[in-house]
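J.: Okay, here's what each chain looks like letter by letter:
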Amino acid sequence: MSTNIKMNKKSFNFGSALLTSLTYILLVLVAIVVLFPIIWIVGSSFGESTGLASATPIPKNPTIEHYKELFEKTKFSLWYWNTLKIALLNMVISVFLSTSAAYVFSRFKFKGKKFGMVAILVLQMFPSFMGMIAIYILFLNFGLLNNHLGLVLVYAAGQIPFNTWLIKGYLGAVPKALDESAMIDGATKTQIFFKIILPLSKPILTFVALTQFMAPWMDFILPRLLISSNEKKTLAIGLFELIKGQTNQNFTMFAAGAVLVAVPITILYVWLQKYIIQGVTAGANKG
Amino acid sequence: MATANVNEQKPNIPDNGSKKMNPSLPAILSVFIWGLGQVVNKQFLKGLFFFAIQLLVVVVEVATGHYSKADLSEGFYLRENGGFFIKGFWGLVTLGTQPRTMGITGLTEGDHSIVLLINGIIALIFISVLIGIYYWNIKDAYKVRRTLNETNFVQTSREYLRDLWDGMFEFIVLIPSMVMLTLISLMPIIFGVLIAFTDYNKFHLPPTKLVSWVGFENFVNLFSLPIWTHTFTGVFTWTFVWAILSTVTCFFGGLFMAVVVNSNRVKGKKFWRTIFILPWAIPSMISLLVFKTLFNGQFGPISQFLVDIGLTAERIGWFTDSNHPNIARATIIVINLWLGFPYFMALMTGVMTSLDKEIYEAAKIDGATRSQEFWKITFPLVLAATAPLLIMSFATNFNNFNVIYFLTEGGPANPNYQFAGSTDILITWIYKLTLDNRMYNMASVMSILIFLIIGSISAWNFTRTKQFKEEEF
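Note that the protein sequences, when read in sequence, are chains A and B. Note that this note's numbering numbers the first sequence so that position 138 is 138, with each residue one more than the last. Note that this note's numbering numbers the second sequence so that position 445 is 1445, with each residue one more than the last.
Treat the hints with caution; some may be incorrect.
Only pairs whose alpha carbons sit at most 30 Å apart, straight line, appear in this in silico DSSO-like list of lysine-lysine [unchecked claim]: (1) A:LYS176 - A:LYS202; (2) B:LYS1376 - A:LYS274; (3) A:LYS111 - B:LYS1143; (4) A:LYS114 - A:LYS202; (5) A:LYS114 - A:LYS189; (6) B:LYS1139 - A:LYS111; (7) A:LYS75 - B:LYS1270; (8) B:LYS1139 - A:LYS109; (9) B:LYS1270 - A:LYS244; (10) A:LYS111 - B:LYS1042; (11) A:LYS244 - A:LYS232; (12) A:LYS232 - B:LYS1202; (13) A:LYS232 - A:LYS85; (14) B:LYS1376 - A:LYS202; (15) A:LYS176 - A:LYS274; (16) B:LYS1432 - A:LYS232; (17) B:LYS1364 - B:LYS1267; (18) A:LYS113 - B:LYS1376.
Because the hints were derived from the structure by calculation, they are not lab data.
Full structure from sequences and hints, please.
T.: This is the structure in C-alpha cells:
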C-alpha cells in the first residue's frame, strides 16, 4: 500500500511539473509575441539607417539621430502640443457634461426622461461618417473649421451618450438615501451634486477622464476632415502621413514619433489600469 | 342648512377681485399674441417672456429675409424674400432652384443645395423648439386661469421662477448636453439620412449643379445594379464574418490567457499581467501602423525573415496579394487578436476573482475534474457576466475603421468591386465612397443600412441590461 501511494505521488509530481513548465513556456511565447513589435519599433527608432528595409530590432550602433530629425524636419512638437491641448479640453468638458447629465437621469424623474434615455441609446449607433459632411458645412458656417475648439466640441458631443449611461449606471449604486438626508438638511440639488455625488464617483470619473483624455491621440478621421493647416495638425495625422506612401524613407522618423507618443500613454494606462478595468467591468455589471 | 355654500367652506383667502373668467379666454389670447394670456392672468413677467420670444421669431425672420417695400414690389417669393425660417423650410423642400453658373466675372449668385439642406434642417429643429414653447405658452395661460378661478391665488412671477428653477433643474442642467447633441449629433444624422434620398455625388456637386430628391432610387439601385449588389453582398459578408471572428478570437484568447495566468502554477501574476496588458495600453493607431510596416510585402522584416530561413521562396505580400485575399484577411484577424486579447483577459480576470470560491470547493467534493470545473462552472458564469460586453464588442468590430484602414486601406484591390477592396468592411467602404470618390448618396444609403443592423442589435442588447430592466419609467 505504501508503494502505491509513493508511486502515485511520483507520477503526480512529474505530471504536475510538466504542466507547470508547459504553462511557463506558453507564457514566455505569448510574451515574445506581445513584445516583439514593441521592441522592433523601439529598436528601429534608435537604428542608424533611415529605411524600412534596413531596420533591425536591436540596433548595431544606436543613435538618437532620428529623434532629432523628427523635431527638426517635421512640426512634431507642435502636433504634440496640439493634441495635448485637445485631449485636456476634451477631458474636462466631457466629464462635466456626462456627469451632470448622468446625475439628472439617475436621481430625478421628469417629463421626457424615457424619451431622453432612448434617444441617448439611439444616437450612439449611427456611424459617424454620415454626419461628417454636415458637421463640415456646419462648422464652415460658424467659422469652426481648422479650429481645435471645433474638434473638441465634436469629441465632447460624441461621448455624451455612452458616458452618461456609464456614469448613470455607477450612480445607481450610490444610495439615494444620501441625497434625501442631505435634502432634509436643506441642501440644494447643486450642493448635493458637488459635495456628495462627485466625490463618491471618483473611480468612474477617473475612467471617463482617462478615456476621454486618450481618445484624441488616436483619432484620425475627424482631424483629417476638420483640420487643414499644418500648424494645427494632430499627432495622428502627422504620424500617418509620415509613412503613407514613402514608407521606406521616413520610417525611422515615424518610429521615433511612435515611441514618443506611445510611451507616456502606455505608462498612464498601466499606472491607472485599476480604474480602467473597474470602469470596463462597471459597464458589464451595472450595465 | 342642508346644502352648504361651496364658497363659505373655502379658507379665508382675500378676494383679489379677479372675476371668474373662462380659462379658454387667456388661452385663445395667447394663441395670437404670446404672453397676452399671461398678462390677463396678471403674470406680467411671464407674459413678457413669451412675448419676447414671439418677437424674436418675427425679428429673425424679417431681419434675415428681404421684406422691405422695394423687395416685395414684385410679389412675395419664398426664395427671394424668405428669412431664416421660411426660406429654410423652402430650401429643405426644393433644394434650390438656381445653381450658380460660371460667368465671365466668376461664379454668379445661386443656390447651394447642401447649404440649403443644412440650414433647412437647423430651421426645422428651431421651429420644433419654438412650437414647443408656443404650446407651453397656451397651456400655461389656460391652467393658470383655471387655478385662479378655483383658488383666487396668483403666483407672482418671481415665485414662479423659483419654482421653475427647482422643478426645471433637471432640464436646465441638461441643456448644454442637449444643445450639443442636437447640433453635433442629431442634425448631422438627419442630414445623413436625407442625403440617402438625393442624388448628391460627384456628378451633382454644388454650387454649379443642383442636388435633387430622388426618393428611394438609391436603395433600389443598390439592390438591382449588379455591380453595386455584388460589392454590397461581398463587403457585407466579410464585415459580418470579420466582426464575428475578431470578437470570438479575442474573447477566447483573453479567456485562455486569463485562466492560464490565474492558475496556481504561475508565480508573479502581476508581472505577466502587466506584460500582457501592453497591447491594450499602447495607442492602437500606433500599433497598427507598426504592424503595417512589419508586414510590408516589399521591405518588411517578416517577409524578409521567412525568405531568409527558407520557408517561402519569395516575399509574401501580406496585404497586397490580389490573388489570395484571404491571406490579408487572416493576417488582419491575427493582428487584431494581438490588439484585442488583453482587454478580454483583464475583464475575465476581474470577473473570475469575483466568483464565489465555495462553488469550486463544492464541486471538488463532488469529484469534478479540472475540465468540468472550467466548462461547467467558470465558463458559463463568465459568459453571463460579460455577454453585454461581448455584444458591444461585436458592434464595435463591425464598425472597426482603424484596424482595416490602417493595416490594408481596404486592399488588396478587387476589380470586381465598386470602389472597394477585398478587406474593406462597410465602414471603410463608406469612407472611400465619401472622401475619395464623393459618392455621398450611396455612402449615406450604406450608413442607414449599417445603422439599422447595428442599431437593432445594440438596442436589443441594451434592453437586456440591468439598467434598463430596473428603470422605473
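J.: All hints, please: hold or fail.
T.: Evaluated hints:
1. A:LYS176 - A:LYS202: holds (17 Å)
2. B:LYS1376 - A:LYS274: holds (29 Å)
3. A:LYS111 - B:LYS1143: With a Cα-Cα distance of about 18 Å, the restraint between LYS111 of chain A and LYS1143 of chain B holds, given a limit of 30 Å.
4. A:LYS114 - A:LYS202: Judged against 30 Å, a Cα distance of about 27 Å means the pair holds.
5. A:LYS114 - A:LYS189: The given pair, whose Cα atoms are some 21 Å apart, holds under the 30 Å limit.
6. B:LYS1139 - A:LYS111: holds (16 Å)
7. A:LYS75 - B:LYS1270: violated (39 Å)
8. B:LYS1139 - A:LYS109: Status holds; Cα separation ~21 Å.
9. B:LYS1270 - A:LYS244: violated (38 Å)
10. A:LYS111 - B:LYS1042: holds (27 Å)
11. A:LYS244 - A:LYS232: holds (19 Å)
12. A:LYS232 - B:LYS1202: Given that 30 Å is the threshold and the Cα spacing comes to 29 Å, the pair holds.
13. A:LYS232 - A:LYS85: holds (11 Å)
14. B:LYS1376 - A:LYS202: violated (37 Å)
15. A:LYS176 - A:LYS274: Roughly 26 Å between the alpha carbons, so the hint for LYS176 of chain A and LYS274 of chain A holds.
16. B:LYS1432 - A:LYS232: holds (24 Å)
17. B:LYS1364 - B:LYS1267: Holds. LYS1364 of chain B to LYS1267 of chain B sits at ~23 Å (cutoff 30 Å).
18. A:LYS113 - B:LYS1376: Judged against 30 Å, a Cα distance of about 41 Å means the pair is violated.
The structure fails hints 7, 9, 14 and 18 (numbered hints given earlier, in ascending order).
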